[in-house]
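Asks: Spelled out from the first residue to the last, the chains are:
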Amino acid sequence: GPKVLQIPSHQIIDMGQMVTLNCDPVSNHLYFYWYKQILGQQMEFLVNFYNGKVMEKSKLFKDQFSVERPDGSYFTLKIQPTALEDSAVYFCASSLGGSSYEQYFGPGTRLTVL
Amino acid sequence: QQKVQQSPESLTVSEGAMASLNCTFSDRSSDNFRWYRQHSGKGLEVLVSIFSDGEKEEGSFTAHLNRASLHVFLHIREPQPSDSALYLCAVSHNAGAKLTFGGGTRLTVRP
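As they're listed, the protein sequences go chains L and E. First residue of the first sequence: 1, per the working numbering; consecutive thereafter. First residue of the second sequence: 1, per the working numbering; consecutive thereafter.
One or more of the hints may lead you astray.
[Said to hold, decoys possible] Just some of the chain L residues that point at chain E, by a computed CB distance under 8 Å: (1) Q42; (2) V54; (3) E56; (4) F61; (5) F65; (6) Y74; (7) S100; (8) G108; (9) T112.
For the record, the hints were derived by calculation from the structure and aren't laboratory data. The C-beta atom is built at its ideal place from N, Cα and C for all residues, glycine as well.
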């Protein structure tokens, strides 16, 4: 099926530093998502993004988080500054359309904040 | 707020024996129901999507939706050891695209 890539696969940083997680979505997809999965817990929605704008975000999407996709390049999640509780696997997904369309997921980026 | 729960947490079956997984949701206005699979260290693979009451088959996977009872089931016909993975149920609304996930059922298929 369609492939979503995520770079890097692992990232270890010190608390307070900035981190950018990169997602290469399926080429003709228009909707983009980030989900967060803390070890041993449920996958949770963070944010979705369409036409250059955040469409919906959850309460997990703190003020320190931001997303963008400049000029059709990577869809990025930036955390500045990071906190210990940001340690998790972050999954990117993309879809051609809204809710009735399939979301295709990347393999995840494991973020460890020390 | 939507709550999605899955049972059992873990399930072990022998190769070739039907596996049945259960998912319950709380919001009756939910419209879209999906089953995903996640092999260890990998991303999510969509297995089957269902949008109306009844059954939907995709290969060896059959989803069964009963909105009145707030249940969606996944049946796996003749599972193989390679089907051992974490199975996730995800629910969403037509009005919004965000998926609400259950906690997953870890399936082990013994040879």
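Asks: Evaluate each hint against the coordinates.
Replies: Going down the list of hints, with the structure as the test:
no.	hint	in the structure
1	Q42	holds (5 Å)
2	V54	violated (12 Å)
3	E56	holds (6 Å)
4	F61	violated (11 Å)
5	F65	violated (15 Å)
6	Y74	violated (16 Å)
7	S100	holds (6 Å)
8	G108	holds (6 Å)
9	T112	violated (15 Å)
When held up to the earlier numbered hints, the structure conflicts with 2, 4, 5, 6 and 9 and fits the remainder.
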